[in-house]
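Trainee: Chain residues, written in single-letter form:
There are 2 protein chains.
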Amino acid sequence: MTLSPFAPSALPDLPPIEGLRFATCAAGIKYHGRTDLMLAVLDEGTSVAGVLTTSKTSSAPVLWCRGNLRRGGGARALVVNSGNANAFTGKRGQEAVQITAEAAAQAVGCAPQEVFLASTGVIGEPLAADKFCGLLDGLARDAQGDSAAWSDAARAIMTTDTYAKLATRKLKPGGQERGDITINGIAKGSGMIAPDMATTLAFVFTDARISGEALQAALSRTVRKTFNCMTVDGDTSTSDTLLLFATGKAAGVPYISSPADPGFAEFAAALEQILRDMAIMVAKDGEGLSKFVTINVAGAENWAAARKIALSIANSPLVKTAIAGEDPNWGRIVMAVGKAGEAADRDRLGISFGGIEVARDGERSPGYDEAAAAAYMKNPEIVIDVDVGIASGAATVWTCDLTHGYISINADYRS
Amino acid sequence: MTLSPFAPSALPDLPPIEGLRFATCAAGIKYHGRTDLMLAVLDEGTSVAGVLTTSKTSSAPVLWCRGNLRRGGGARALVVNSGNANAFTGKRGQEAVQITAEAAAQAVGCAPQEVFLASTGVIGEPLAADKFCGLLDGLARDAQGDSAAWSDAARAIMTTDTYAKLATRKLKPGGQERGDITINGIAKGSGMIAPDMATTLAFVFTDARISGEALQAALSRTVRKTFNCMTVDGDTSTSDTLLLFATGKAAGVPYISSPADPGFAEFAAALEQILRDMAIMVAKDGEGLSKFVTINVAGAENWAAARKIALSIANSPLVKTAIAGEDPNWGRIVMAVGKAGEAADRDRLGISFGGIEVARDGERSPGYDEAAAAAYMKNPEIVIDVDVGIASGAATVWTCDLTHGYISINADYRS
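One line per chain: the protein sequences are A and B, in this order. Going by our numbering, the first sequence opens with residue 1, and the numbers climb by one from there. Going by our numbering, the second sequence opens with residue 416, and the numbers climb by one from there.
Simulated from the structure, these hints should not be mistaken for lab results. For clarity, every value in this text was computed on a predicted model and none was experimentally measured. Cβ atoms here follow ideal geometry from the backbone N, Cα and C, with glycine treated the same way. Hints may contain errors.
Computed beta-carbon distance windows for the label pairs [as the list claims (entries may be wrong)]:
id, chain 1, residue 1, chain 2, residue 2, range
1, B, Pro795, A, Gly134, 43 to 51 Å
2, B, Gly756, A, Pro126, 25 to 33 Å
3, A, Asp361, B, Asn717, 41 to 49 Å
4, A, Glu95, B, Arg636, 31 to 39 Å
5, A, Pro126, B, Trp718, 52 to 60 Å
6, B, Pro423, A, Gln94, 45 to 53 Å
7, B, Arg636, A, Asn302, 31 to 39 Å
8, A, Gln94, B, Pro795, 54 to 62 Å
9, B, Asn717, A, Gly67, 25 to 33 Å
10, B, Pro795, A, Lys30, 26 to 34 Å
11, B, Trp718, A, Ser9, 52 to 60 Å
12, B, Trp718, A, Asp361, 55 to 63 Å
13, A, Asn302, B, Gly756, 53 to 61 Å
With the Cβ distance kept under 10 Å, some of the chain B side facing chain A (calculated, not the full set) [as the list claims (entries may be wrong)]:
id, residue
14, Phe503
15, Gly753
16, Asp800
17, Val803
18, Ser823
With the sequences and hints as input, model every part of the structure.
Mentor: So this is what it looks like as structure tokens:
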């Protein structure tokens with residue numbers, strides 16, 4: 001596997017979060033010579049929020065998490081496996097979920113409904129949960145909260161990812177003299193990535209003192225402009241899961257019981273930053289990518305229309321291949337704006353690549369410099385600005401190009 | 416350019432249609448060493464119908480044709496150029512259309528509003544119509560109606576097509592003892608092909624005696640299940656144009672003035688057959704394809720829901736690459752059903768490849784034979800049957816796989 005050109009030279013050191021420990025192991029679910037099972041152990045009093053795929057063929061773990069979230073209780077454990085998505089596995093899939101939750105509950109000392117589950121990997125193959133459930137006792141015993149535990153956890157959930165994805169933020173709700181809040185997150189990509197809720201697997205942990213209700217409110221409003229504005233291939237997974245856990249162990253910070261409380265807006269802003277960091281990391285490891293692409297659409301009817309146009313550009317195979325070919329092919333951008341189905345004024349459309357204006361008022365810019373645009377397209381990070389000339393709705397979407405690497409990875413992923 | 420594996424060894428001989436002649440030439444618009452300009456001359460009394468792209472960034476010729484069709488007059492000429500789409504060319508694009516229509520009108524001896532236009536090729540480059548308009552007089556003088564003229568016309572409108580697309584049908588509305596009606600068509604692909612009306616350029620000609628109103632009714636109802644059920648890459652063009660011309664010269668056949676008239680249903684049925692032939696020909700020449708794929712979805716809420724699910728499967732990069740890799744990866748079909756947004760019962764879903772059942776009732780079939788499915792996937796033509804288990808809506812969509820060839824063609828098409 002070729003490393004993404006955006007892979008970091010070193011993984012960031014994540015600070016510990018009190019009330020949270022991890023352990024991982026190689027359970028041999030599908031991969032050989034790497035870890036594929038991760039357990040997060042959460043102290044009593046941990047609140048939880050989540051957003052899950054809107055797919056009509058959701059996986060068994062997604063349905064399990066949805067049930068737990070609806071019930072509104074807390075969280076004591078998170079079990080994630082890679083190599084098998086436990087999706088489209090019928091009754092056996094539900095049984096695998098039940099067995100895993102019960103084993104984790106026993107290992108951690110909680111109710112099965114306090115165990116959250118996520119699986120990623122091949123769809124349609126039964127998941128032999130009984131084979132790895134015996135390992136959970138040992139994982140619970142060995143779990144650690146240090147920096148190495150964080151990177152081990154991020155690595156265990158990877159599938160076709162070429163690097164582990166970790167992000168961290170700190171905020172001081174009451175100023176320097178008070179306590180602070182840590183938010184850490186891990187995520188995985190890197191194919192079957194398209195936003196229709198959360199996309200991919202991502203787990204965010206904080207020591208904030210916050211109710212489940214307020215946590216869900218913060219997550220629901222921040223996921224829209226972060227994970228839901230990121231796409232690799234337009235293929236929405238059956239297993240998209242983003243869970244957010246708050247252990248409530250931060251000292252000297254106020255308790256947030258509802259979105260009206262002081263400190264909520266600040267927490268939500270920090271959460272949005274870390275979710276954006278993570279979404280960009282996933283896009284920067286899109287299968288086979290050679291370039292990372294930011295698409296800013298302005299002048300649309302509203303944010304939702306701007307996002308739809310930006311996604312139409314981001315998911316267009318012709319736009320993606322043009323970028324791979326380092327071709328400032330604005331004609332394909334015009335096409336993708338046109339097919340999005342949202343209002344756009346053909347005769348007021350403007351397009352720039354990296355600030356180089358290529359089109360204005362519905363035709364090529366008078367001063368367009370093809371050589372400059374072509375030179376810009378050689379950069380690893382490409383920014384495309386589009387103004388559709390209707391109103392003031394704006395949105396940003398992150399994606400990557402479509403290369404021979406994507407074909408190579410996906411034409412023989414399963415076999 | 417690698418020839419499509421479905422390219423015919425010889426082009427079909429199309430019978431002449433009275434009242435219709437073609438001429439082509441190499442105008443040097445973009446390509447060298449090939450024809451790129453086509454003129455069809457139609458006798459007085461020719462009625463016309465059309466369906467045009469729904470893109471919000473329609474090309475100048477599309478807007479011109481839409482105006483002509485709305486006006487409701489007849490047709491006397493069709494001018495098509497390849498190499499430049501005259502799309503996103505602003506005022507200059509409209510001027511190029513006006514100049515071309517006036518030159519063709521003068522060459523043929525009709526009003527500019529009786530001239531229909533279509534352009535295909537690069538988007539965003541101004542079309543220098545003045546350079547080729549001088550050629551139209553000569554083309555009008557030299558136009559022929561024989562079989563060679565048909566294949567020349569089909570070749571002149573090609574862009575990345577690897578073979579010319581021609582189809583023909585005959586019908587005898589009154590039985591053997593009466594006269595017959597001929598319908599001939601030419602079309603081009605083979606990228607930026609996704610159905611949102613007609614997709615691509617296609618021109619159908621008949622000698623039927625039929626009003627413009629009845630012709631439009633026949634076209635509108637038959638395009639839904641033919642051209643609008645075909646996709647190569649999900650990218651809807653700015654220039655999609657399907658025009659249908661009837662010279663009214665057939666002898667011994669009744670005049671069809673409205674859809675209620677005898678003979679209309681029979682004509683529409685023959686039209687549907689030829690449009691289906693042409694749509695399949697376009698999919699079989701999809702850019703870089705190695706396999707032609709037919710997707711039958713059943714058990715959906717209605718036809719529109721079934722079509723949407725089938726298109727979600729057909730446009731999924733992960734499904735398309737799995738087929739390229741000869742992998743019977745039903746998990747990706749499940750994903751694509753799930754993301755389509757239409758009702759589907761995950762626990763009643765059934766999937767077959769070429770009649771080999773791989774999944775039933777939401778999980779892998781008990782008797783699934785992986786070796787047989789893998790052997791089937793080696794065929795050049797793949798049929799996928801999906802039952803989503805809700806109601807009785809069914810639809811068929813035609814597409815192709817996604818290969819390294821598509822990337823190669825599109826990562827340096829413009830430069």
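Trainee: Could you work out which of the previously given hints the structure breaks and list their numbers from low to high?
Mentor: When the structure is compared with the hints, numbers 4, 5, 8, 12, 13, 16 turn out to be violated.
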